[in-house]
Amino acid sequence: MSQGIGATGTPSMEELERSPGFPSEARLRKGAAAVIECVQEIPCDVCGSACPSGAITLTSISSLPKLDEERCTGCGICIPRCPGLAIFLINLNYSKDEALVSFPYELLPVPEIGSVVKVTDRLGKCVTTGKVMRADEREGCDRTLIVSVAVPKEFAQRVRGIAPPRRK
Amino acid sequence: MIETEVAVIGGGVAGLVSAIESAKLGANVCLIDENPRPGGQLFKQIHKFFGSQRHYAGTRGFEIGESLMRDAQANGVKTLLNSYVFGIFGKEIGIVEKTGDQTSLRWIQAKSIILSCGASERMMMFPGWTLPGVMGAGAAQTLINVHRVLPGKKFLMIGSGNVGLVVSYQILQAGGEVAALVEALPRIGGWGVHAAKIQRLGVPILTSHTIKEAQGRDRVDSATIVALDKSMRQISGSEQTIDVDVVCIAIGLKPNIELALMAGCETMYLDELGGRVPVHDENMETTVDGVYVVGDCAGVEEASTAIESGRLVGAAVAEKLGHLPKEKAVGMRALNRSVLDDLRSGPLCSHRLRAKEQLVDYAETMKEDSQ
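Protein chains in written order, with this note's numbering: chain A, 6 to 173; chain B, 2 to 372.
Treat each hint with caution, since some may be false.
Derived lysine to any residue pairs resembling SDA-like cross-links, with alpha carbons at most 25 Å apart [what the hints assert, rightly or not]: (1) A:Lys-123 x B:Ala-175; (2) A:Lys-71 x B:Tyr-57; (3) B:Lys-154 x A:Val-115; (4) A:Lys-130 x B:Glu-178; (5) A:Lys-123 x B:Leu-173; (6) A:Lys-136 x B:Gly-203; (7) A:Lys-71 x B:Ser-346.
Here are a few chain A residues that face chain B, going by a calculated C-beta distance under 8 Å [to be verified]: (8) Gly-11; (9) Ala-12; (10) Thr-15; (11) Cys-43; (12) Val-44; (13) Gln-45; (14) Ile-47; (15) Pro-48; (16) Val-51; (17) Ile-66; (18) Ser-67; (19) Pro-88; (20) Gly-129; (21) Gly-166; (22) Pro-169.
Some chain A residues flagged as far from chain B (calculated, every beta-carbon gap over 12 Å) [claimed, not checked]: (23) Pro-28; (24) Ser-29; (25) Gly-36; (26) Pro-57; (27) Lys-71; (28) Cys-80; (29) Tyr-99; (30) Arg-139; (31) Pro-157.
Just so you know, the hints here were simulated from the structure itself, not pulled from any lab data. It should be emphasised that the depicted structure is a prediction, and the values quoted were computed from it without experimental measurement. No residue lacks a Cβ here, since even glycine has one placed at the ideal position from N, Cα and C.
Based on the provided sequences and hints, a complete structural model is requested.
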């Protein structure tokens with residue numbers, strides 16, 4: 006069976022590692038960095054102008070975004086700016102045992118800070134639990150929130166969201 | 002009879018931008034739309050648009066709609082709303098205008114006509130397709146985002162183009178559940194990022210699957226899906242029946258070309274552009290002098306290409322009417338075209354560039370023949 010985003014709708018690890026927006030393990034060990042999961046050449050360059058440090062560049066509107074690992078400060082403003090909701094942030098040095106994974110969030114209700122929630126992988130499957138450390142909207146991000154969850158370090162490359170909270 | 006220099010038929014994103022652009026350059030413009038307000042599909046698009054800043058990327062669709070309406074007003078575009086165009090007779094446009102319970106007949110005479118009539122959803126027939134609860138994904142999107150009504154609790158989505166993927170996400174945002182998304186082809190039709198975001202929320206995407214039938218007495222209460230082999234034949238024994246109360250169909254769009262046909266425009270069949278489309282030259286002028294096409298009715302594409310083509314056609318019309326000097330028009334067009342070429346590049350969009358080139362080549366051949 007063929008793999009990859011075109012066949013399954015989820016980028017494969019090979020596609021991610023090959024793409025210029027995916028930070029190296031060495032970079033992630035140094036601290037928070039953007040993880041760009043945009044592996045198809047679609048005509049969009051919003052991330053390029055969203056980064057205040059100039060760490061995301063594109064050679065043309067349909068090229069893949071390239072992450073300059075040294076320039077990326079891990080501020081996370083690219084997360085809610087990407088219209089494809091395809092940018093995440095991983096901080097492997099969050100605590101001794103935990104990593105902080107941040108992702109865009111556009112659902113209601115907003116998860117409660119401090120709550121322990123089921124965290125999910127790229128297929129929406131629950132992999133473990135994590136603690137919500139942040140859920141906020143930055144200025145000008147028009148209702149796309151950044152949600153951050155603290156998870157055991159070994160899950161940092163798997164966790165990409167939380168199970169949507171049930172509505173009352 | 003109302004007289005105007007430019008009549009724009011259809012106030013979606015392409016029509017609005019064309020009207021604004023030609024009015025900005027000094028033309029007298031009348032925009033006609035059958036709805037109570039213009040904006041076309043923009044007001045049901047609650048997601049952030051793709052593209053570049055030049056095409057309002059990163060802004061939610063309905064906010065682009067509000068901003069374009071303000072621009073149209075500021076530039077003196079006249080709008081005729083609740084007005085159905087029933088025919089084009091030379092340069093005369095017949096309109097039925099609805100005011101309350103009254104309807105009245107009106108005529109507009111225009112020097113140039115821009116057709117921006119959009120596209121319609123393709124439908125699909127299967128046993129049970131007439132049951133209430135089976136609807137176009139666009140219809141579900143209108144109910145949810147414009148009328149604030151969630152038409153069911155559990156949805157089955159047919160088709161993995163951007164419409165099917167984006168509407169699935171919006172159903173989840175509105176509190177509905179998407180039991181599955183099925184796609185007859187072995188690959189996903191729309192953009193990966195849209196597919197990835199619904200998968201992260203747990204929606205299964207089943208490629209090489211289609212709907213076999215919808216069941217229910219008074220409305221849909223379940224649907225049977227089936228796997229397809231390489232020749233797109235149903236694999237017997239692979240049926241699965243799932244409880245759903247809505248089946249959304251998102252198998253593609255086809256350009257609305259009825260008015261272009263009535264005006265006498267030549268057409269060409271191009272699968273890459275959604276089917277039969279009016280032949281047009283580099284300025285979007287059809288084979289009928291002074292009649293232009295823009296947006297999805299000239300080939301189904303993205304909002305960003307509709308915006309850029311709108312600017313191109315607005316300037317082309319203004320030039321033809323003598324409002325824009327040729328030297329200036331040439332520079333503007335060169336920019337529009339290079340931006341359009343960029344938007345139609347890359348492995349996912351370059352087939353559209355080739356299709357558009359075929360249309361333009363055919364238009365040029367026809368011009369040479371008639372000379």
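Check: Going back to the hint list, which numbers does this structure go against?
Finding: When the structure is compared with the hints, none of them turns out to be violated.
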